[in-house]
Amino acid sequence: MTDGDELPEGWQQPDSDAQAGQYNPQQPIRYERDGIELHLQPATNTTETDQDVWRLNVVDEDRETTEPVREGIDGRDGAIDAAREFMETYNERCIDGNESAADVIASFR
Numbered sequence: 001m002t003d004g005d006e007l008p009e010g011w012q013q014p015d016s017d018a019q020a021g022q023y024n025p026q027q028p029i030r031y032e033r034d035g036i037e038l039h040l041q042p043a044t045n046t047t048e049t050d051q052d053v054w055r056l057n058v059v060d061e062d063r064e065t066t067e068p069v070r071e072g073i074d075g076r077d078g079a080i081d082a083a084r085e086f087m088e089t090y091n092e093r094c095i096d097g098n099e100s101a102a103d104v105i106a107s108f109r
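73 is the number that our numbering gives to position 73 of the sequence shown; each next residue is one higher, with no gaps.
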C-alpha cells in the first residue's frame with residue numbers, strides 16, 4: 001500500500017502536522033479506526049544514517065496502551081504494508097469476528 005491506495009474499510013488517515021507542500025520521507029504516518037491508532041515511524045530519529053528502518057506501534061485508547069507490534073521494518077513502503085496487514089486483520093477478527101483488539105495486537109507481534 002502506498003499513500004495513494006485506498007485504505008481498508010473504516011480506517012482513515014488523520015490530517016498530518018506536516019508543513020503543506022513539503023514531502024518528508026521520515027515523517028511519521030498515522031492511521032485510525034474506533035479507538036485504535038497505528039503509528040509508523042522511523043526506528044531512529046537521526047537523519048545522519050543511510051538506514052531506512054521503521055517500526056509499527058498500536059495505540060489502544062480503550063486500554064490506554066501503546067504497544068510496539070513490528071520493529072525493524074525495511075523501508076517506508078514496508079511499514080505501510082505492515083500497517084495494511086494489521087488493518088485487514090483487525091477488520092476480519094474484531095469487526096467481522098468476535099475477538100478483542102488486545103487479542104489481535106498480541107497475535108500480530
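Any given hint might turn out to be false.
Said to hold, decoys possible - What follows is a list of derived Cβ distance ranges for each label pair:
#: 1; residue 1: N98; residue 2: Q26; range: 33 to 41 Å
#: 2; residue 1: V53; residue 2: N98; range: 34 to 42 Å
#: 3; residue 1: E67; residue 2: P14; range: 26 to 34 Å
#: 4; residue 1: E88; residue 2: T66; range: 31 to 39 Å
#: 5; residue 1: Q51; residue 2: D96; range: 24 to 32 Å
#: 6; residue 1: I95; residue 2: V53; range: 16 to 24 Å
#: 7; residue 1: N98; residue 2: A43; range: 17 to 25 Å
#: 8; residue 1: N98; residue 2: Q27; range: 17 to 25 Å
#: 9; residue 1: Q51; residue 2: I95; range: 17 to 25 Å
The hints are simulated quantities; they were obtained by calculation from the structure and are not laboratory data. For each residue, glycine too, the CB sits at the ideal point set by N, CA and C.
Hints and how they fare:
Our hint of 33 to 41 Å for N98 and Q26 holds, since their Cβ atoms are close to 39 Å apart. A hinted range of 34 to 42 Å holds for the C-beta pair V53 and N98, which are about 35 Å apart. Between E67 and P14 the Cβ separation comes to about 19 Å, which falls outside the hinted range of 26 to 34 Å. Our hint of 31 to 39 Å for E88 and T66 is violated, since their Cβ atoms are close to 21 Å apart.
Separation of Q51 from D96 is about 37 Å and departs from the stated range, judged on CB atoms against 24 to 32 Å. Against the hinted window of 16 to 24 Å, the Cβ-Cβ separation of I95 and V53 comes to about 31 Å, which falls outside the hint. Checked against the given bound of 17 to 25 Å, the beta carbons of N98 and A43, roughly 34 Å apart, lie outside it. Separated by about 36 Å at the C-beta atoms, N98 and Q27 break the suggested range of 17 to 25 Å.
Distance hint check: the CB atoms of Q51 and I95 are about 35 Å apart, inconsistent with the given range 17 to 25 Å.
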